[in-house]
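> Heads up: the protein sequence lines correspond to chains E and V, in order.
The first sequence: position 252 = 252 (the working numbering), numbered continuously.
The second sequence: position 147 = 147 (the working numbering), numbered continuously.
Read the hints as simulated data drawn from the structure, not as lab findings.
Fair warning: this is a prediction, and the values are worked out from it, not measured in the lab.
We put the CB at the ideal spot given by N, CA and C, even for glycine.
Keep in mind that a hint or two might mislead.
[As the list claims (entries may be wrong)] Only pairs whose alpha carbons sit at most 20 angstroms apart, straight line, appear in this in silico EDC-like list of lysine to aspartate or glutamate:
id, chain 1, residue 1, chain 2, residue 2
1, V, Lys14, E, Glu34
2, V, Lys14, E, Glu157
3, V, Lys14, E, Glu165
4, E, Lys32, E, Asp54
5, E, Lys46, E, Glu34
6, E, Lys46, E, Glu165
7, E, Lys32, E, Glu157
8, E, Lys32, V, Asp203
9, E, Lys6, E, Glu34
[Said to hold, decoys possible] Quick list of simulated restraints, FRET-style, between CB atoms:
id, chain 1, residue 1, chain 2, residue 2, range
10, E, Val9, V, Val59, 32 to 42 angstroms
11, V, Arg104, E, Val161, 35 to 45 angstroms
12, V, Leu77, E, Gln109, 22 to 32 angstroms
13, E, Asp232, V, Leu23, 44 to 54 angstroms
14, E, Arg132, V, Val30, 41 to 51 angstroms
15, E, Glu157, V, Arg65, 44 to 54 angstroms
16, E, Gly99, V, Ala160, 47 to 57 angstroms
17, V, Gly150, E, Val63, 42 to 52 angstroms
[As the list claims (entries may be wrong)] Here's a subset of chain E near chain V, in silico, CB distances under 7 angstroms, partners left out:
id, residue
18, Gly86
19, Phe147
20, Thr149
21, Trp235
22, Leu250
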Amino acid sequence: MRRLAKAIVLGVWLLITLFPLYWIVITSLKPKAEIFSLPIRYWPGKVTFEHYADLFSFADFGVYLLNSLLVSLVAAGAVTMIGVLGGYTLARFTFPGRGALMLAFLVTQMIPLFIALGPLYLLMSDLDLLNRLAGLMLVYVAMLVPFATIIMRGFYERIPVALEEAAQVDGASRLVAMVRVVIPVMLPGIAATFIFAFVQCWNELFLAITFIDSEDAKTIPVAMNSFITQYDIDWGSMAAATVVSVLPTLVLFAAIRRYIVEGLTAGAVKG
Amino acid sequence: MSLGSARPAFSVRKARFIALCLLPGVVFVVLFTYYPMIRGAVIAFQQYNLFDLTSTPFVGLANFRAVLAEDRFWMALRNTGTWVVVSLFFQFVLGFGLALLLRRHFRGRGLYQAWVFFPWAMSGFLIGLLWRWMFNGQFGVINDLLLRTGIIEHRIGFLATPGWAMTSVIVANVWYGVTFFAIMIMAALQSVPRELYEAADVDGASRIRQFWHVTLPHIRPTLALIVLLRIIWILNFPDLIYSMTGGGPAGSTDIITTFLIQQVIGGDYGRGGAVGMLILGLLLAFTVFYLNATRFEKAR
């Protein structure tokens, strides 16, 4: 009886969780006339891919997709490298200012970057980086450096120092020891950090809409945001765009779920 | 304990290594995070409008006075309270429930978690869009379901009616946030040593008594921290509201962070800076108050 009740509750919650996803997929596959007609159909009468085709023919979705991909890959790559280096130093050395630096990084995690949206716009303008993907990349790296560094530090701390010392006794320099011995052990953590950073960049909205308004530099969220501000929302295209932009993140997050959970809880539970 | 401590002769090399490793990160954070924040704090005291940058004189507290004199600001502040408290309450209760149900291993638990945690991979912006479509007043599926089940008799313009709009964005936010609480609370539950339960079993304590007298006291400090982090996070989460209602209708779903973004998009950086400072002050005051109230340090 208890087990049945538990199964029912879990089933209902799963349904509630998945239904919106189902609904957006279904909407993206319905012909336009069917999306805006009553009664609502819970299964498309006729499946169509026209909304997906529209995205790439009417809107330059291919360009946005490529822009998002480029910005996210470069920024996530850079931030991961910076995290690998910074996290190592914070985990393995004590030096003056270490505590202050950690605090300065942690504080940025409590304060959203958009609080300085105006000044950031001015800075980008001064540096001539408005409407340029490079500008977004730089800001995204800054946005994610504290997180990447702190999480990497946590991963390093789980690796025994003896591992590196052994390599150093064999005559390897610190850097060589790090690259040859530590990094391979860390690979899953590094991959998880990279993916997490990638998804954050892929999804970022407010900075992107502030810095970018030219068609050839738009990322997916910027483009979708401009769909909204039009008088009527074309929900077919919107649904298709949502599916296209959420698909990669679903796959990536599924791959690193365990690490996200670990990373998230490590901070709070050990607190 | 540092690696190099046994070899003081290399301390210059060591210092150089440390500096080189940390430099890139520090440069980025200083240039693109701290510098803009400090500049924002300065701009808050200037007349600074994007559309007239020829003169940007210092105007003392004028921006703060202007913001505090606006009804929309106070409305946003009240809405922020509703948004945070109600969202948090349901996220916490449902998340706790889910965590308890998932605590014990059962067949398919991993798969279940993978599916049930998916909202998390989505951005607040997309979640707002998703629910905006589902709450649509005419073709929305939520209206349809409520009509079919006889809960309502006429379609409701959820996002066009002030009270309903707030309810709708909170529903979306709860849907999104339960996962987070479930994950965090599951981790906290796993941190309770098994021996404590075994001891309680020996004493003949019931499941419910064990929960109140063993589980809860043990995870209380962690819960307090999770809740604090979550409050700050929900407060700093304008994305969903932005795409779902844009703060409307008539400002009824504006929270303090969507209000800030509107100021900046409107080009008034002076006021934007002032709102930013007010948010920071609020966050800081709240955090200090909260840590004192939950006596986090002692509990730890």
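> Would you settle whether the hint for E:Leu250 is holds or violated, based on the nearest Cβ-Cβ distance to chain V being less than 7 angstroms?
5 angstroms, holds
> Look at the Cβ atoms of E:Asp232 and V:Leu23 and judge whether their distance stays inside 44 to 54 angstroms.
51 angstroms, holds
> State, for the Cβ atoms of E:Glu157 and V:Arg65, whether the hinted interval 44 to 54 angstroms holds or is violated.
49 angstroms, holds
> For the pair we were handed, E:Lys46 and E:Glu165, check the Cα-Cα distance against 20 angstroms.
65 angstroms, violated
> Could you say whether the range 22 to 32 angstroms given as a hint is met by the Cβ separation of V:Leu77 and E:Gln109?
The hinted range 22 to 32 angstroms holds for V:Leu77 and E:Gln109, with Cβ atoms some 24 angstroms apart.
> Are E:Trp235 and chain V close enough, Cβ to Cβ, to be under 7 angstroms, as the hint says?
6 angstroms, holds
> Starting from the range 32 to 42 angstroms, see whether the pair E:Val9 and V:Val59 falls in it by beta-carbon distance.
Taking Cβ atoms as reference, E:Val9 and V:Val59 lie about 57 angstroms apart, which means the hint is violated.
> Does E:Thr149 pass the interface check with chain V, least Cβ-Cβ distance below 7 angstroms?
6 angstroms, holds
> Is it true that the C-beta distance of V:Gly150 to E:Val63 lies inside 42 to 52 angstroms, as the hint says?
Given range 42 to 52 angstroms: holds, Cβ gap about 48 angstroms.
> Would you check the hint for E:Lys32 and E:Glu157, treating anything up to 20 angstroms between C-alpha atoms as holding?
55 angstroms, violated
> Starting from the hint 47 to 57 angstroms, judge whether the C-beta atoms of E:Gly99 and V:Ala160 obey it.
Once the Cβ atoms are compared, 52 angstroms apart, the range 47 to 57 angstroms for V:Ala160 and E:Gly99 holds.
> Take the C-alpha atoms of E:Lys32 and V:Asp203, compute the straight-line distance between them, and say whether it is at most 20 angstroms.
66 angstroms, violated
In this structure, the earlier hints numbered 1, 6, 7, 8, 9, 10, 14 and 19 are contradicted, and the remaining ones agree with it.
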